[in-house]
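S.K.: Listed here are the chains, written in short residue letters.
Protein chains: 2
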Amino acid sequence: MGGLLSVDSGVFEQWRQRSLAAFEIALDGFVPAGAPAGLGEAMRYAVLGGGKRLRPLLVLAACEAVHGHTEAAMRAACAVELIHAYSLVHDDMPCMDDDVLRRGKPTTHVAFGEAVAMLAGDAMQALAFEVLTPETGVEPALQARLCALLARSAGYDGMAGGQAIDLASVGKQLDEATLRDMHRRKTGVLLQASVLMGAACGPADAKATAALSDYGAALGLAFQVVDDILDVTQDSAVLGKTAGKDQDANKPTYVSVLGLEAAGRLADQLRDQAHRALAASGLTDTAWLGLLADMVVERNS
Amino acid sequence: MGGLLSVDSGVFEQWRQRSLAAFEIALDGFVPAGAPAGLGEAMRYAVLGGGKRLRPLLVLAACEAVHGHTEAAMRAACAVELIHAYSLVHDDMPCMDDDVLRRGKPTTHVAFGEAVAMLAGDAMQALAFEVLTPETGVEPALQARLCALLARSAGYDGMAGGQAIDLASVGKQLDEATLRDMHRRKTGVLLQASVLMGAACGPADAKATAALSDYGAALGLAFQVVDDILDVTQDSAVLGKTAGKDQDANKPTYVSVLGLEAAGRLADQLRDQAHRALAASGLTDTAWLGLLADMVVERNS
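The listed protein sequences correspond, in order, to chains E and W. Sequential numbering from 1 applies to the first sequence in the working numbering. Sequential numbering from 1 applies to the second sequence in the working numbering.
Because the hints were derived from the structure by calculation, they are not lab data. Accuracy of the hints is not assured; some may be wrong.
Which copy is meant is left open, because identical chains are indistinguishable; a pair holds if it fits in one copy or across any two.
With a straight-line cut-off of 20 Å between C-alpha atoms, the simulated SDA-like cross-links for lysine to any residue are [stated by the list, open to error]:
#1 172 to 37
#2 245 to 272
#3 172 to 38
#4 172 to 36
#5 207 to 266
#6 105 to 140
#7 105 to 8
#8 105 to 264
As the structure is a computational prediction, the values presented were derived from the model and not from experiment.
Here chain E stands alone, though its shape is the one from the complex (with noise of 0.2 Å):
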């Protein structure tokens, strides 16, 4: 972690504000304001709406690693949060979670109707698949990684299936094990499509893929423990969401299955394998995924 330290944190930080500011434009111009019936309004109010930002840094810290193709990784940037964006949309749904509050916002069907919500989480994951294939300006065989990348991640053995392990397992007791499959999928698959989509933007080794994947996947562990630390230990107006609600709905999570102090511990193993797989990669420029594995451990909301 060495070379690491060496990154003035306002640099990370400057860099961090560049890109989202450039993100916001690009994403800006993706999402319909024309879409008929309402759809365009609702999925620019799921979207555009703030949030982290963490897949989108994510893909375009990946992609400066690897001194990979700038428009490519920025239309990756922007399909990922849509997918990411869309799940969140139809997870709050009242036939899923029934949340009612998302960024400090009413959740999208609240404010639109679960009808439209519905609709528009559908469009955006269309979306996601259209703003990766454009006429111009991105090679069609990178295209193509792309979105085998996204699908993959998206799809059952990825995304939507961890969310359906999430529903069933609501009242029950799992393993550590089991927790982690869940999470992995449900979390932790998308956020490490994320790096791989932004290293598949440049000419990454295997050697350099194979360890970017090791670091997205303690990444996107690491996440989903400091997700459950944070439901218990911080309150709705600091998260922006429903605090409790893993507890109140009597879902396993991190803390519930290791305690807090464990949840806590096992974060910064991970961590710390995040940061060894970046010495590993063999890439040079990694600071900014660093400092991203930091951010996720360290944020409180």
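Since the structure of chain E is already known, use the hints to place chain W on it.
M.R.: For chain W alone, coordinates are given in the frame of chain E:
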């Protein structure tokens, strides 16, 4: 239409049966039985449960018309049917059309619950793009082209957008132009995309592609006009879904806007338009496409 009459309808039926048999095997292989927590069962229930398979047949017939890449077309056929089937799952849900019968069976949310049905739909959309992006066997540039066509036809400017207009138009009087725009998006665009995806699998020139696009547009509209006619002339047992539903929901249809007789004439005109487009394509092997247009207009369910 002269050339088409020379094709024996028994030969077409043989082609259709052979194509469908190969399609069902391919699709069965793509939809995971083992996806977690009931998700795989729900996906398989929703997409392997029969149906006319018109979209896959259009993909395969268009591919044959351009002497295209068979594996790519079969993947495209499966992908487009996954999109169609997921849209039915979501459309049938209580917050949308609230339907309990589909293809003669309980709808997916009735059989598996709303949460699993929504997730199954979401996972089916992702799976469509996964099917289009295999590691090997289909050229990456063709993969990207197929993803581009499918994403655009499924999203806000296509199917999801049409569904949003449909929802917003319940109880309203629409003129024929608005009704046509709604149906073009809701049903037509995906049917047209099926033809274009098949055509993309081979070396179709600009003239042929434009003609096939016209064919797809005419066929797509004809399909919906006939759907509206069948909704009032057939009963639920024949249709395998709830008949008279649009009328009961006070939805504008071609029958309510034009009357039954004029709607029938429009369907015949659109069929002629489809045939003329094929004649103008410069392609010789369009017999299956022509007979599919006939099938769309002459069907009774």
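S.K.: Tell me, please, which holds for residue 172 and residue 37 at an alpha-carbon limit of 20 Å: within, between, both or neither?
M.R.: Answer is between: at 13 Å across copies they meet the 20 Å cutoff, but 41 Å inside does not.
S.K.: State whether the alpha carbon distance between residue 172 and residue 38 is at most 20 Å within one copy, between copies, both, or neither.
M.R.: Between copies only: 16 Å across, 39 Å inside.
S.K.: Is it within, between, both, or neither for residue 105 and residue 8, if the alpha carbons may be no more than 20 Å apart?
M.R.: neither (34 Å within a copy, 62 Å between copies)
S.K.: When Cα atoms must be at most 20 Å apart, do residue 172 and residue 36 count as within-copy, between-copy, both, or neither?
M.R.: So residue 172 and residue 36 pass the 20 Å test across copies only (16 Å; inside, 42 Å).
S.K.: Quick one: residue 105 to residue 264, C-alpha cut-off 20 Å, is that within a copy, between copies, both, or neither?
M.R.: The answer is neither: 29 Å in one copy and 49 Å across copies each exceed 20 Å.
S.K.: Taking 20 Å as the upper bound on the Cα-Cα distance, should residue 105 and residue 140 be classified as within, between, both, or neither?
M.R.: neither (38 Å within a copy, 41 Å between copies)
S.K.: Regarding residue 207 and residue 266, is the shortest C-alpha distance of 20 Å or less found within a copy, between copies, in both, or in neither?
M.R.: For residue 207 and residue 266, the Cα distance exceeds 20 Å both inside one copy (26 Å) and across copies (61 Å).
S.K.: If the cut is 20 Å between Cα atoms, do residue 245 and residue 272 qualify within a copy, between copies, both or neither?
M.R.: neither (29 Å within a copy, 59 Å between copies)
Violation of the numbered hints given earlier is confined to hints 2, 5, 6, 7, 8; the remaining hints are satisfied by the structure.
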